[in-house]
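*Asks:* Generate the whole structure from the sequences, applying the supplied hints.
Number of protein chains: 2
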Amino acid sequence: MEQRLTIITLGVSDINVASDFYENKLGWKRHGSSMGDIVFFMLNGIQLAIYPVKELAKDATVPPADIKGFKGFTLAHNVRSEKEVDELIASLKAKGVKVVKEPQKAEWGGYSSYISDPDGNLWEIAFNPYMNLDKAGNVVG
Amino acid sequence: MEQRLTIITLGVSDINVASDFYENKLGWKRHGSSMGDIVFFMLNGIQLAIYPVKELAKDATVPPADIKGFKGFTLAHNVRSEKEVDELIASLKAKGVKVVKEPQKAEWGGYSSYISDPDGNLWEIAFNPYMNLDKAGNVVG
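Residue numbers (our numbering), protein chains in the order written: chain A, 1 to 141; chain B, 1 to 141.
Just so you know, the hints here were simulated from the structure itself, not pulled from any lab data.
One copy or two, either will do: identical chains are not told apart, so a pair holds if it fits within one copy or between any two.
Only pairs whose alpha carbons sit at most 25 Å apart, straight line, appear in this in silico DSS-like list of lysine-lysine:
| no. | residue 1 | residue 2 |
| --- | --- | --- |
| 1 | K58 | K83 |
| 2 | K29 | K95 |
| 3 | K105 | K58 |
| 4 | K58 | K101 |
| 5 | K58 | K68 |
| 6 | K93 | K29 |
| 7 | K135 | K83 |
| 8 | K68 | K54 |
| 9 | K98 | K25 |
| 10 | K83 | K25 |
| 11 | K58 | K93 |
| 12 | K93 | K68 |
| 13 | K101 | K54 |
| 14 | K25 | K93 |
| 15 | K98 | K58 |
| 16 | K83 | K95 |
| 17 | K25 | K135 |
| 18 | K105 | K54 |
Since we're looking at a predicted model, the values are computed, not measured.
*Replies:* Next up, the structure:
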């Protein structure tokens, strides 16, 4: 199996609330292939989709989710300096985004914070001095 | 916030079981930055990490997960034909991978199946005739 990913789909409880978060808080543009209850965002070579969680379970032919709190996974968005972490978190907070963990030094040598989307999906906003990103934000090496 | 992702981290119950799945069933190579209880896989411009779920909750400063069954998200790995879906699923099944949904025509016009990793993280193996992938497997357009 090739070592790559195409789409991450987050199951959400209300597609309008979730799309408001990704479009109006994070400032992302939805992709033209979005239709009905599924909204796609083109990221760096992959897509993020948001879709009603009950429909997502049905598509996977698994029983609906019974999720309270942490969902057992995180998504990370790395930036290029500690200052950029601070600035991004400040701007998100000003838009009403929930900050779960304030920016702080991490044990692994970086600088890290966490925000939550309306469904409790966690995004780590981090700077890792040991990781190289190219201009498009792809991990190099 | 730039429209991109850096890392997906899957919280796992046993790092050895999970790394066996990704290395020996999917056939992926771990990245040199892996250390201790965290294993990284370099994908197409992003990384997938596996990390003990209790440690992941601690890092995000949230209560530990109470997850039974579906975790409310899926990861998709798109290939380039229906035949390739069938072949990949057959080869994974031969290695003992749990197939949650056998390959079949999907309502949205594609061809789709789902497998599960040892922690119940769902991977959709799909062909989407409306999506273009470049040689590296990145979504185009």
